[in-house]
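Letter by letter, the chains look like this.
2 protein chains.
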Amino acid sequence: MRRFIVIGQTATASGDFSLDDLPSSSGRLDILLRCLRSSLLISHGLRRDVVAYLVLEGGPLAPRVLRVDGAAAKFIRPDERALALLVKRALAAEPPLAGRGFLEVKPGLAVANGGLDCAVADLGGATPYVLEERAPDLRAAGIRGGDTAFFIGDQLGFAPATRAALADIGACPVSVGPVSLHSDDVVVLISNELDRHEADPGWNAE
Amino acid sequence: MRRFIVIGQTATASGDFSLDDLPSSSGRLDILLRCLRSSLLISHGLRRDVVAYLVLEGGPLAPRVLRVDGAAAKFIRPDERALALLVKRALAAEPPLAGRGFLEVKPGLAVANGGLDCAVADLGGATPYVLEERAPDLRAAGIRGGDTAFFIGDQLGFAPATRAALADIGACPVSVGPVSLHSDDVVVLISNELDRHEADPGWNAE
Numbered sequence: 001m002r003r004f005i006v007i008g009q010t011a012t013a014s015g016d017f018s019l020d021d022l023p024s025s026s027g028r029l030d031i032l033l034r035c036l037r038s039s040l041l042i043s044h045g046l047r048r049d050v051v052a053y054l055v056l057e058g059g060p061l062a063p064r065v066l067r068v069d070g071a072a073a074k075f076i077r078p079d080e081r082a083l084a085l086l087v088k089r090a091l092a093a094e095p096p097l098a099g100r101g102f103l104e105v106k107p108g109l110a111v112a113n114g115g116l117d118c119a120v121a122d123l124g125g126a127t128p129y130v131l132e133e134r135a136p137d138l139r140a141a142g143i144r145g146g147d148t149a150f151f152i153g154d155q156l157g158f159a160p161a162t163r164a165a166l167a168d169i170g171a172c173p174v175s176v177g178p179v180s181l182h183s184d185d186v187v188v189l190i191s192n193e194l195d196r197h198e199a200d201p202g203w204n205a206e
Numbered sequence: 001m002r003r004f005i006v007i008g009q010t011a012t013a014s015g016d017f018s019l020d021d022l023p024s025s026s027g028r029l030d031i032l033l034r035c036l037r038s039s040l041l042i043s044h045g046l047r048r049d050v051v052a053y054l055v056l057e058g059g060p061l062a063p064r065v066l067r068v069d070g071a072a073a074k075f076i077r078p079d080e081r082a083l084a085l086l087v088k089r090a091l092a093a094e095p096p097l098a099g100r101g102f103l104e105v106k107p108g109l110a111v112a113n114g115g116l117d118c119a120v121a122d123l124g125g126a127t128p129y130v131l132e133e134r135a136p137d138l139r140a141a142g143i144r145g146g147d148t149a150f151f152i153g154d155q156l157g158f159a160p161a162t163r164a165a166l167a168d169i170g171a172c173p174v175s176v177g178p179v180s181l182h183s184d185d186v187v188v189l190i191s192n193e194l195d196r197h198e199a200d201p202g203w204n205a206e
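Order-wise, the sequence lines are chains G and C.
Going by our numbering, the first sequence runs without a break in its numbering and finishes at 206.
Going by our numbering, the second sequence runs without a break in its numbering and finishes at 206.
Calculated directly from the structure, the hints in this document are not laboratory data.
Every value quoted in this text rests on a predicted model; they were computed, and no experiment measured them.
Beta carbons are placed, not taken as given, at the ideal position from N, Cα and C, and that holds for glycine.
Incorrect hints may appear among the rest.
Covered stretches of chain C, going by a simulated chain G footprint (3 or more residues, C-beta under 8 Å) [as the list claims (entries may be wrong)]:
#: 1; region: 4-18
#: 2; region: 42-53
#: 3; region: 113-122
#: 4; region: 134-141
#: 5; region: 177-183
#: 6; region: 199-205
Some residues of chain G that are not near chain C, with every Cβ distance over 10 Å (derived) [claimed, not checked]:
#: 7; residue: 9
#: 8; residue: 22
#: 9; residue: 30
#: 10; residue: 74
#: 11; residue: 93
#: 12; residue: 105
#: 13; residue: 107
#: 14; residue: 128
#: 15; residue: 137
#: 16; residue: 143
#: 17; residue: 145
#: 18; residue: 175
#: 19; residue: 200
Excised from the complex, chain G in its bound form (with noise of 0.2 Å):
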């Protein structure tokens, strides 16, 4: 099981933006759609072996968290404006009542309200990395796939305080290469990594 937790800190929790112009009215979710996009998707289909959690600390409802479970997702979208209608469906469910952990909303689409804290209590046994620029390059870092679990920053990094909570449960640093990119392309290259890992030795031979 692979998990990615990206953070948006100033991502709306609350479903009122617009999709006509969603990196204004939405404080950026849109970066945060597009890492569903390129956590739960591939060339005609869903990784079924993926949960994406997006931590919305942006808004008046703010914080929340929404969870994709690719193992129970149907209908996913890989164009922008399709995930930003399925994300603002989702936040303008009932909301769950704080502390109570996620509440499914759809099959597969999970909604808690609380910040990082509801993310992390729901990873299991994962293994912890956060991805930081000069860290240990991840090809190097002897992840074997298994049970892992990604925190991914946004347009501003992490602020102190989650650095802080990352540190306590142990997150490992790692980085994916030499320039600063955007969060869903972050996603992507630890996704080959762990792809690659997993694949038979075999896999590009004719």
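Mind docking chain C on chain G? Use the hints.
Relative to the frame of chain G, chain C by itself:
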């Protein structure tokens, strides 16, 4: 200089698609728009050493090629709707005469009336590669940066005539991993590989 040429077999070459229903109304131009983001944009910036070509083979005005030059382009935003609007306006501009090559319609943004040939004629001395599943691994392909051009298919892969044309110019087949991915994710993996080759060896030393 890095060049990415993404070939959309159904992607519309005319600007009359709907921003509210991009995948259906544009012949999956959305796939190619996402390649613009992933090829040209990094965290808080634009890759100045990248040129992206969208080969549009769908609709009544096809084929046409849209070229975006990172060295001159301005105001490239990451969200799909903004990219769609940019391309819609470029395609609505007065088309150049066929056979006359690229006509700049905005700084860094140019359109040619013609197909894959127009893109190929524009590559100069770049070394061509074609992305094919199960081809030799990009990581082992010995690419050391310089002037490169990567041809990438869409949700349908490549048409036989395209594959033949790319073989004719000696495009070297490479692959990025064991899983069949979206075109924009393929671009991310190529860019990362080139970034790594071009970076100082100590890029990840704190």
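Outcome of the hint check:
For a cut-off of 8 Å, the count of residues in the region 4-18 of chain C with a CB near a CB of chain G stands at 0, and the three-residue condition is violated. Taking a C-beta to C-beta cut-off of 8 Å, the region 42-53 of chain C contributes 3 residues in contact with chain G, enough for the three needed, and the coverage statement holds. Counting residues of the region 113-122 of chain C whose beta carbon lies closer than 8 Å to any beta carbon of chain G gives 0, which falls short of the minimum of three for the stated coverage. For the region 134-141 of chain C, the proposed coverage by chain G is satisfied: 4 residues have a C-beta within less than 8 Å of a C-beta in that chain, meeting the threshold of three.
Counting residues of the region 177-183 of chain C whose beta-carbon sits less than 8 Å from any beta-carbon of chain G gives 6, enough to reach three: the coverage restraint holds. Counting residues of the region 199-205 of chain C whose beta-carbon sits less than 8 Å from any beta-carbon of chain G gives 5, enough to reach three: the coverage restraint holds. Separation of residue 9/G from chain C is adequate, the least Cβ-Cβ distance of about 14 Å exceeding the 10 Å criterion. Not every beta carbon of chain C lies more than 10 Å from that of residue 22/G, the smallest distance being close to 6 Å; the non-interface claim is violated.
A beta-carbon of chain C is positioned within 10 Å of the beta-carbon of residue 30/G; the least distance is around 5 Å. At roughly 17 Å from the closest C-beta of chain C, the C-beta of residue 74/G stays outside 10 Å, upholding its exclusion from the interface. Listed as outside the interface, residue 93/G is consistent with that label: its C-beta sits roughly 23 Å from the nearest C-beta of chain C, beyond the 10 Å cut-off. Listed as a non-interface residue, residue 105/G keeps its Cβ farther than 10 Å from every Cβ of chain C; the least gap is roughly 24 Å.
Even its closest Cβ contact with chain C, about 22 Å, leaves residue 107/G beyond 10 Å, as expected for a residue assigned away from the interface. The claim that residue 128/G is not at the interface with chain C holds, since no C-beta of that chain comes within 10 Å of its own (minimum 19 Å). Not every CB of chain C is more than 10 Å from the CB of residue 137/G (nearest about 5 Å), against its label as outside the interface. Separation of residue 143/G from chain C is adequate, the least Cβ-Cβ distance of about 15 Å exceeding the 10 Å criterion.
With a least CB separation of 13 Å from chain C, residue 145/G remains clear of the 10 Å interface cut-off, as annotated. Annotated as non-interface, residue 175/G brings its C-beta within 10 Å of a C-beta of chain C; the closest such distance is 5 Å. A cut-off of 10 Å between C-beta atoms contradicts the statement that residue 200/G is not in contact with chain C; the least separation is 8 Å.
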